[in-house]
Every structure is written in structure tokens, then in C-alpha cells.
Amino acid sequence: MRFFRYILPILFLLPMSSIRAQERTVTIKASATVVDKTELELVTMKDLDIDASTAVNGKVYVSAQRDTKSALMIVKGKVNASFRVTFTPLVEIPNSTGKGSLLIKYEMVGSQTDNQSASEPIDAAERTLKISSEGRYYFWLGGQIDISNARPGKYNGNFTIEIEYI
Amino acid sequence: MKPTIRPIVLLLISFLLLNGHAMAQRISFGLYAGEGILLEPMGLAELNFNTKQPLIFASQSVSILKQDQASAIIRITGRLDQEITASISASPTLDLNTSHIPLSIRFAYYNAGAASPSDNEIKATAIELPLGFSSFTFPFKKNLTGIPAPPPTPINSNYTSPQGTAYLVIYGNLGPVPSDAAAGYYNGDINIRVEYATN
Chain A
717 MRFFRYILPI
727 LFLLPMSSIR
737 AQERTVTIKA
747 SATVVDKTEL
757 ELVTMKDLDI
767 DASTAVNGKV
777 YVSAQRDTKS
787 ALMIVKGKVN
797 ASFRVTFTPL
807 VEIPNSTGKG
817 SLLIKYEMVG
827 SQTDNQSASE
837 PIDAAERTLK
847 ISSEGRYYFW
857 LGGQIDISNA
867 RPGKYNGNFT
877 IEIEYI
Chain B
20 MKPTIRPIVL
30 LLISFLLLNG
40 HAMAQRISFG
50 LYAGEGILLE
60 PMGLAELNFN
70 TKQPLIFASQ
80 SVSILKQDQA
90 SAIIRITGRL
100 DQEITASISA
110 SPTLDLNTSH
120 IPLSIRFAYY
130 NAGAASPSDN
140 EIKATAIELP
150 LGFSSFTFPF
160 KKNLTGIPAP
170 PPTPINSNYT
180 SPQGTAYLVI
190 YGNLGPVPSD
200 AAAGYYNGDI
210 NIRVEYATN
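Just so you know, the sequences run in chain order A and B. So the numbering used here is basically just the index in the first sequence, starting at one, shifted up by 716. So the numbering used here is basically just the index in the second sequence, starting at one, shifted up by 19.
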């Protein structure tokens, strides 16, 4: 009996270590990706050249992959880093001096090397690409330009492209 | 030593030995504890500051506001006749190896009682807690009459409590990002604990 007098109180203590509050918990993640401002740069090397004299049925087509009139942009960034690119594929540019507008349906191709004909099509949806071992990625921009509603005047528009590290 | 004293001394020694394995914990002695409470993050279960500002650079600060699309929502389901206590703890920094960015979390609660409120409705109506609060108690459904709610029906086999739904909105401030912060992915955890109030 003396044995139980010592052991029983200890046995009562042991289950306490397994008591847990009956709460409900959930954990969510807080996150942020910080980029170095100097690391990712987009440089326009050549603008898109639209020659209205080549229009067929009111439309001028500049092939991004084959035409020398396509625009050229270079991404300079961290070697072998992945990045995401998106762009606005359809833009209407109004005549800044009168009536009329241009409707441009952009097409874009890209490559890790300065080789336009070997480039691959980039669609407007979010796309993941990789910067080359030289820290470059090349984009060529062309598209179909509808000039059927255009009137003589001055047309200035922007092509919006967003790139960011992943 | 007297024989009657000896067991007491041994008991005290046992206490000391067990103390080495003790863990800090909060024990709820409430009748309902946390039973039947369901916590569900809605959406991506992440407070991603890049959703508010895609490119975050050194020296910048980013604030996700309550009504922003980037704020996170947690749905709480449980006994409608109970009050609940929500406690939130978060890392004071988002971390990437040895780089740290200050993080300050804020939260709001929604208990307006709408059947299936939209995210926008939850965020617009949720009541913000003052900065610095990390634990608060509120009823599942806001009492609009001003009359105290009746006491909860005791648990018995013939009674099923009606279920209520409330929401927590999590948001906050990041930064300023230190000027020498390494570029990359920073992260930290936000822990949310909910239990029935024991008042």
C-alpha cells in the first residue's frame, strides 16, 4: 500500500502533459517578392515601322518573326532568372489631329539569342520565360494594323508590356 | 522525517521532475471549447503584398488595406448562440535568409449575419480593430436590438444549435524594405486561433 501512496499522485500528474486546448487554428502565409531595381531593364532598340503603302484591303501586316520592320526590345536582367511577361494585344490609336483611328493587333515573338527567325511566339496571356546566360532576352513586335478607318493625320500610341521576376 | 511528511516531499520532487517537460499552453475550460468551430481561408490563403504592388523595391513600403483585393478572408463557422474569441499572431518580419522586412498585421471582423456575403461586402462592412490588438471577442451575429441575447441552450441529445458564420479580414503593412535587402521571396506565417469565449 505504501508503494501506491507514492505512485498514484504521480500517475495523476502524467495525463496533464497531454491536455490541449480545444481551439481551432489556421495559418496563412504572408509573402512578398522584392526585386532589385537595377536588375531588370527593358530597352527599346527599334520602333515598329508601319508602311501604309503595303496595305492590302485596308490592313498592313508586319510579321514579328520575319519582317525587318518589326520592333525590337531587349530585356537585360539577372543571368538565368525566370521572368513573367504580359502585354496588351489590341490597341486602338486615335488620330491626334482629327478624325480616324488605327487598330493594331500586336503579335510578339521572343528568343534568348538575337535570332529573330528562330524566335518563338509569345501570346498575351501571362508567360514565363528565362533570361539567357548572357543576361539578355529579345522580343520582336509586329502585328496587323487596320488602317481602313484612318484619316490623314498624326497617330501616336503606346505598346504596353510588363515584365517581372518570378 | 516523519512518515506523513515523506509522501509530500516525494510529491514535490515529482513536480520538479515533471516541470522539465512542461510546455506553454493555453487551456480552455469553457463548456464548448473549440468544438464545432470550422476555420476556412477563402481564396489563396495568402497575404501576398505583390498582389497590391507587383514590383516591390528596396526602401519602399506597401500597405494592403481592408477593402483591397489583396486582403485575406477567413470564414468561421460555429454555434450561433456563442461568442468567439479570435487571437492572431504573426511574425514581426518577413524573412529571406538573413534579410528581414518589417511586417505589421491588422485585422477586422464581419458578423453582420448575411447569408452569403460577397468578398467586397465582407471587406466593406468588417469592423477594424485598433492597431496593436491581437485578441478580441465578438458574437457570431451582431445584436441589432440592443437587448442582451438569451443564454445558450444547454447541450442535450435533442438539440442542435443553429450554425453561424463570421469572417475575419487580414491585412497590413510591409516595410519599409531595407535599402540593403536581398532580392527574392520573403515570407512569414500568420496564425489565427479561434475558440468559444469563456466569459
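Source of the hints: derived by calculation from the structure; they are not laboratory data. Think of the CB as a built atom: it goes at the ideal place given N, C-alpha and C, for glycine as much as any other residue. One or more hints might be untrue.
[Stated by the list, open to error] Incomplete in silico selection of chain A near chain B, CB under 8 Å:
no. : residue
1   : Thr741
2   : Lys745
3   : Val751
4   : Asn831
5   : Ala834
[Unchecked claim] Straight-line alpha carbon distances no greater than 25 Å define the calculated DSS-like cross-link-like pairs of lysine-lysine that follow:
no. : chain 1 : residue 1 : chain 2 : residue 2
6   : A       : Lys870    : A       : Lys745
7   : B       : Lys85     : B       : Lys71
8   : B       : Lys85     : A       : Lys745
9   : A       : Lys794    : A       : Lys870
10  : A       : Lys745    : B       : Lys71
11  : A       : Lys775    : A       : Lys762
[Said to hold, decoys possible] A partial selection of chain B residues facing chain A, derived with a Cβ cut-off under 7 Å:
no. : residue
12  : Glu65
13  : Phe152
14  : Ser153
Evaluation of the provided hints:
no.	hint	verdict
1	Thr741	holds, 5 Å
2	Lys745	holds, 5 Å
3	Val751	holds, 5 Å
4	Asn831	violated, 29 Å
5	Ala834	violated, 30 Å
6	A/Lys870 <-> A/Lys745	violated, 51 Å
7	B/Lys85 <-> B/Lys71	holds, 12 Å
8	B/Lys85 <-> A/Lys745	holds, 17 Å
9	A/Lys794 <-> A/Lys870	violated, 39 Å
10	A/Lys745 <-> B/Lys71	holds, 15 Å
11	A/Lys775 <-> A/Lys762	holds, 22 Å
12	Glu65	holds, 5 Å
13	Phe152	violated, 18 Å
14	Ser153	violated, 14 Å
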